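*Asks:* Sequence order for the protein chains is A and B.
Residues 4 to 120 (my numbering) make up the first sequence, in order.
Residues 928 to 1042 (my numbering) make up the second sequence, in order.
These are computed hints drawn from the structure, not numbers from a lab.
Treat each hint with caution, since some may be false.
Dumping the calculated SDA-like pairs for lysine to any residue here, alpha-carbon to alpha-carbon at most 25 Å [said to hold, decoys possible]: (1) K984/B / Y98/A; (2) K1029/B / G43/A; (3) K1029/B / N74/A; (4) K1029/B / L120/A; (5) K1029/B / E54/A; (6) K1029/B / K16/A; (7) K998/B / S68/A; (8) K16/A / L120/A; (9) K1041/B / G43/A; (10) K1029/B / E57/A.
Below, a sample of chain A positions facing chain B; criterion: calculated Cβ distance under 10 Å [what the hints assert, rightly or not]: (11) A5; (12) V7; (13) Q9; (14) P11; (15) G31; (16) T33; (17) Y36; (18) L46; (19) Q47; (20) F48; (21) A95; (22) T106; (23) G107; (24) E108; (25) E113; (26) R116.
Stretch by stretch, here's where chain A covers chain B in the computed footprint (C-beta under 8 Å, at least three residues) [said to hold, decoys possible]: (27) 946-956; (28) 981-994; (29) 1031-1037.
Computed from a predicted model, the values in this text were never measured in an experiment.
Using N, Cα and C, we set each Cβ at its ideal position, and we do this for glycine too.
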Amino acid sequence: EAGVTQSPTHLIKTRGQQATLRCSPISGHTSVYWYQQALGLGLQFLLWYDEGEERNRGNFPPRFSGRQFPNYSSELNVNALELEDSALYLCASSYGGPRISNTGELFFGEGSRLTVL
Amino acid sequence: KNQVEQSPQSLIILEGKNCTLQCNYTVSPFSNLRWYKQDTGRGPVSLTIMTFSENTKSNGRYTATLDADTKQSSLHITASQLSDSASYICVVIPQFYNQGGKLIFGQGTELSVKP
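Excised from the complex, chain A in its bound form (with noise of 0.2 Å):
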């Protein structure tokens, strides 16, 4: 079975550009997470997507969006980069609907790098 995917797996990007990043769930999976962890800190929520819709927000500016599409899979997008933006992100994913449980068992994928000059 495979795992969470995500792309691109390194990104580098200048101030003021945006950036796109993508992740596909765990066939079956129909929620999806960003966490954003950058170096030497923990990680921090960004978003919530279940079944197509947003559930759930961290506590980050609105230059930080993201959508998921009717395949479950989601994108991240940044804009108008800043150099505190340049951490890893990471997408997860995890049962939701009817089957979501409250176990926090989320499964993650490998993360993308994103560097911004």
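On the provided structure of chain A, position chain B as indicated by the hints.
*Replies:* Positioned in the frame of chain A, the structure of chain B alone reads:
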């Protein structure tokens, strides 16, 4: 404010030795607590999960304990191996997480196992 604090921030041990990582939390009410292992540059992988009513859970050389009264959890690693070098993250799942809540992540403990 719901928080999860881990200690130590980093730890260096020799191969074959045991170690214990600590997690203190203020999340209330909570339903579950997980420990994740994150290899450098990789995504976290779940090691153990414990409900508030469980005291201990083992997964091979990893043993997690939970004291819901003192709101403390620990992860004990026995007979450490070089492959145990990673960041270990404590995650608390709030009681109503499945209704739109957020997982509460600790900052992680960076473990380095030396030969």
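*Asks:* Against this structure, judge whether each hint is valid.
*Replies:* Now for the hints, and whether the structure bears them out:
| no. | hint | result |
| --- | --- | --- |
| 1 | K984/B / Y98/A | 24 Å, holds |
| 2 | K1029/B / G43/A | 21 Å, holds |
| 3 | K1029/B / N74/A | 24 Å, holds |
| 4 | K1029/B / L120/A | 31 Å, violated |
| 5 | K1029/B / E54/A | 17 Å, holds |
| 6 | K1029/B / K16/A | 30 Å, violated |
| 7 | K998/B / S68/A | 35 Å, violated |
| 8 | K16/A / L120/A | 6 Å, holds |
| 9 | K1041/B / G43/A | 20 Å, holds |
| 10 | K1029/B / E57/A | 13 Å, holds |
| 11 | A5 | 14 Å, violated |
| 12 | V7 | 7 Å, holds |
| 13 | Q9 | 8 Å, holds |
| 14 | P11 | 14 Å, violated |
| 15 | G31 | 17 Å, violated |
| 16 | T33 | 13 Å, violated |
| 17 | Y36 | 8 Å, holds |
| 18 | L46 | 5 Å, holds |
| 19 | Q47 | 8 Å, holds |
| 20 | F48 | 5 Å, holds |
| 21 | A95 | 7 Å, holds |
| 22 | T106 | 5 Å, holds |
| 23 | G107 | 4 Å, holds |
| 24 | E108 | 6 Å, holds |
| 25 | E113 | 5 Å, holds |
| 26 | R116 | 7 Å, holds |
| 27 | 946-956 | violated (count 0) |
| 28 | 981-994 | violated (count 0) |
| 29 | 1031-1037 | holds (count 4) |
In the structure shown, a violation is registered for the earlier hints numbered 4, 6, 7, 11, 14, 15, 16, 27, 28, in ascending order.
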